[in-house]
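**Student:** Heads up, the sequence shown is in this note's numbering, so the first residue is 1 and it goes up one at a time.
No lab work stands behind these hints, which were simulated from the structure alone. There could be a bad hint or two in this list.
What the hints assert, rightly or not - Calculated cross-link-like contacts (lysine-lysine; reagent style DSBU-like; alpha-carbon spacing at most 35 Å):
1) K35 x K86
2) K86 x K63
3) K35 x K78
Said to hold, decoys possible - FRET-style restraints, in silico, Cβ to Cβ:
4) T56 x E19: 17 to 23 Å
5) R73 x E21: 31 to 37 Å
6) D38 x K86: 17 to 23 Å
7) R2 x E64: 40 to 46 Å
8) D38 x A18: 17 to 23 Å
9) E44 x L67: 31 to 37 Å
10) K78 x L27: 19 to 25 Å
11) R20 x I83: 32 to 38 Å
12) A61 x P40: 15 to 21 Å
Note that the structure is predicted; figures quoted are calculated from it, not measured. By construction, the Cβ of each residue, glycine as well, lies at the ideal position given by its N, Cα and C atoms.
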Amino acid sequence: GRLVQIAEAMGEPVAGLAEREAADRALAAIRHLMKSVDLPVCLEEAGIADRSRIPTWAVEAHKEQRLLSRSARILSVKDIERIYEKAFTDWGEGR
């Protein structure tokens, strides 16, 4: 998949790994790169602290069907809320 290609492009040793494991290496490499250049890796680090707005954001995002129609799977408003919740924390931790 694309993340495997990204891992390879970033010099991660992924030969012989399962696709999921190689994808995890790509995400870790991306996270490391972002941290090394002082980019935020979560919404909190970007200065967005008001989680109470997640339901509104999810509804608004769900209306953007032009973008969602390209998604690999159909996302509900609840799915989008979960994505926002995960985006509030450091997504690279605990992987």
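**Student:** Please go over all the hints and tell whether each is borne out by the structure.
**Tutor:** Evaluation of the provided hints:
no. : hint                  : result
1   : K35 x K86             : holds, 18 Å
2   : K86 x K63             : holds, 20 Å
3   : K35 x K78             : holds, 29 Å
4   : T56 x E19: 17 to 23 Å : violated, 35 Å
5   : R73 x E21: 31 to 37 Å : violated, 21 Å
6   : D38 x K86: 17 to 23 Å : holds, 22 Å
7   : R2 x E64: 40 to 46 Å  : violated, 21 Å
8   : D38 x A18: 17 to 23 Å : violated, 32 Å
9   : E44 x L67: 31 to 37 Å : violated, 24 Å
10  : K78 x L27: 19 to 25 Å : holds, 23 Å
11  : R20 x I83: 32 to 38 Å : violated, 19 Å
12  : A61 x P40: 15 to 21 Å : holds, 19 Å
Violation of the numbered hints given earlier is confined to hints 4, 5, 7, 8, 9 and 11; the remaining hints are satisfied by the structure.
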